[in-house]
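Peer 1: Heads up: the sequence lines are chains X and H, in that order.
Each residue of the first sequence is one higher than the last, beginning at 403 in my numbering.
Each residue of the second sequence is one higher than the last, beginning at 2 in my numbering.
Note that these hints are calculated values from the structure, not bench results.
Wrong hints could be hidden among the right ones.
Each pair of labels, with its calculated beta carbon distance range [unchecked claim]:
id, chain 1, residue 1, chain 2, residue 2, range
1, X, E588, H, S312, 23 to 33 angstroms
2, H, S312, X, D470, 51 to 61 angstroms
3, X, D518, H, I339, 43 to 53 angstroms
4, H, I270, X, Q560, 51 to 61 angstroms
5, H, I339, X, K481, 25 to 35 angstroms
Derived coverage of chain X by chain H (criterion: at least 3 residues anywhere in the stretch with Cβ under 8 angstroms from a Cβ of chain H; other residues may be distant) [claimed, not checked]:
id, segment
6, 439-445
7, 482-491
8, 505-511
Examples of chain X residues toward chain H, derived with CB under 10 angstroms [to be verified]:
id, residue
9, I474
10, F557
11, Q560
12, L563
Yeah, the Cβ is synthetic: ideal placement off N, Cα and C, and Gly gets one too.
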Amino acid sequence: MALKKDFVKFDKVDKSYDGKILVVKDLQLDIEEGEFVTMLGPSGSGKTTCLMMLAGFETPTHGEIYLDGNAISSIPPHKRGIGMVFQNYALFPHMTVYENLAFPLRVRKIPKDEADKKIDKALSMVSLQGFAQRMPGQLSGGQQQRVAVARSLVFDPQLVLMDEPLGALDKNLRESMQYEIKHIHESIGVTVVYVTHDQSEALTMSNRIAVFNDGKVQQLSSPDELYEKPVNSFVAEFIGENNTFAGEVSDISGGKCKVKLANAEILANPISIKGKGEKTTVSLRPERALINPSEKMDNIHNGKIEEVIYHGDHTRVRINLLGNPEFILKVPNSSSNLDIKLGNEIKIGWNSDDARALDPK
Amino acid sequence: MSSETQKILTTDGIPLEVSLKKAERRNKIKAFLLVAPLLFFIIITYVFPIGDMLMRSVDDKMVTEMLPKTFKAMEKWDGKELPEEEVFAAFHSDFIKLVEEKREGKLSTQLNYTKNGFKSIIKKLRRKSKSFEEGNYKEQIMAVHKRWANVEYWQAIKRRAPAYTGQKYLKGMDMFKNENGEIVSVPEDRRIHRVLWLRTLEIAFFVTVFCFLMAYPIAHLLATLPMKYSNLLMICVLLPFWTSLLVRTASWMILLQQQGLVNDFFVGIGLVADDNRPEMMFNKTGSYVAMTQILLPFMVLPLYSVMKTISPSLMRAGKSLGGTPFVAFWKVYFPLTIPGIGAGCLLVFILAIGYYITPALVGGASGTLISNQIAFHMKSTLDWSFASAMGLMLLTGVLAIYWVYNKLVGIDNIKLG
């Protein structure tokens, strides 16, 4: 059976709480069956609203949401059969872990022995065998989170929604849980829609990421494409680190464009540039610029080192370059031969392909 | 590895353990001194009065002290036939002394509590005793009134001999110790206290139920509405709370009386005929309505404080896992509110069981409670020992309810705010 391309489909969905401001605008989003899609964005960007509409706790003001080809806007949440993991776990504090997991099975009238098997399986999936009789209050944050994941999967839903599930955990635990959730997703092939504001979490876990801002999906693509090829300056700024130059396009030819800065001119890759005279923001990832480049690069400029910060595996260097005092470079620590000293003038080079000329900020 | 640990010394050579204990003891004394005023206050305002009430309820020394010789002489009397001359002589001697001290009135009041009919015959005895001759007091006293020749009255006197008695408690349950020392109920037409106890329990129970039914949705709204609405609602809940109890009860009198606003409204919408206005006051209905309204905040506040802590995502989780809204409420939300329900119900029930002013004003004859009866004995009959006995019975009842509650729900499960 081929996997459905539009297992979940948001079709021109608008949402407004107060009838004045649209928090979700004309959302068009298809999610493939078995995919792990992350909705990423700053708070207030509408991503959680989208998730709540999918779960059934909010209704779209306009448009329709389809799950497996069926319109679901008029179906109440308890009939949608969607698993959900909440931000604060939302485990039932008066029930044991077993009873928490049994809840979705009991309301579905699944016989006890079958339910017990499912619960065992779900608990072993999150490596919490032997914890069935504990109360949620007796578990650590990470364990509670795993119970919440197990509970959302125990009734074999086709779709699982996760609303910033790792937000309350500390950094190490968060990272290990990211891998754990990713592995669970891979092993059972359930479709996951995940909401987070943490870009590294999104990059680690997802098949595809939908970057939200201002109620709109800015870009929907795989993590590498999102990082390497942002389509607008919001995405470039939001995902990873980013050096920018603001300027005006002075010429476009042969897949390249010239951007005139305050006191220099650089070559860039025109992404969202249509013509001469347009204002633009050129975005360049820190690791794409080299110090004293040996190979030939079509942008080479001099800058002055303003700050050197030691980061263990690499050193971050802040350079005043072409009128941008916040230009960041990442230098791997093996390149000890480089003369990185505060106040030195150095040559910085990069390829015009990596300098993406996007919409002005 | 050695299991022995060396004693750790402080710099001045005292073992650390000793030094720590000393410091801790000092802290304990300080802490005690801080709470001492409160402890003192509680002892004076709570322990003493209740202790005094307990003593008063069983104290029966008054008659014992008034008739010392009589009771001494009665020790040998078997209590079946009329006593011997010896007892009559002793009684006469005690009585003369009381008359000299002008205390025979008190005796008659006390004996009248035990058996009706003593008042008049003691008055008569006082008049006649002035002309008594020495000797053969039995004949002379019996000649004063035929009741003095009735063995039941002498038995009644003998029953007052012990310095302590539980008879007030028996009386509180419409029972008494008869001539043979058996505990029996009073005749049916004279039982008033049992009815009152049952009515008190009934009213307290239903007021609790009504309060719960009304407070639960209010508290839920308070906990879930946006701040600006919930604040307004909170003020609506608390405003009556801050109003004088008397004012509130009086306003219920205005509303509920037969020519009152509620009745006018019913007549106005044609629900009842003008000449057939229902009585909603001076009966149980009045007590129910007014007490429910007055005690409502005591239910709302504990419920609210518990509901406030329940995350709305729990209900959502319940629904997203496939529970209908009702299942999610019943299996998830409701069990989590039990500590608040317990606290609220206990609070309202205990307050209702001892409620006084409201039933006194709007309860009428059929809506008065046991506390009104206690007040009646405190103020009107001046039988303080009986009032104390009933007060203690009420207190014991409340403690028993508390104990049962602790067994069923657990007191540490309670949440008052």
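Peer 1: Each hint should be assessed against the structure and marked as holding or not.
Peer 2: Evaluated hints:
no. : hint                                : in the structure
1   : E588/X x S312/H: 23 to 33 angstroms : holds, 31 angstroms
2   : S312/H x D470/X: 51 to 61 angstroms : violated, 30 angstroms
3   : D518/X x I339/H: 43 to 53 angstroms : violated, 27 angstroms
4   : I270/H x Q560/X: 51 to 61 angstroms : holds, 56 angstroms
5   : I339/H x K481/X: 25 to 35 angstroms : holds, 29 angstroms
6   : 439-445                             : violated (count 0)
7   : 482-491                             : holds (count 8)
8   : 505-511                             : holds (count 4)
9   : I474                                : violated, 13 angstroms
10  : F557                                : holds, 7 angstroms
11  : Q560                                : violated, 13 angstroms
12  : L563                                : holds, 8 angstroms
Hints 2, 3, 6, 9 and 11, counting from the list given before, are not met by this structure.
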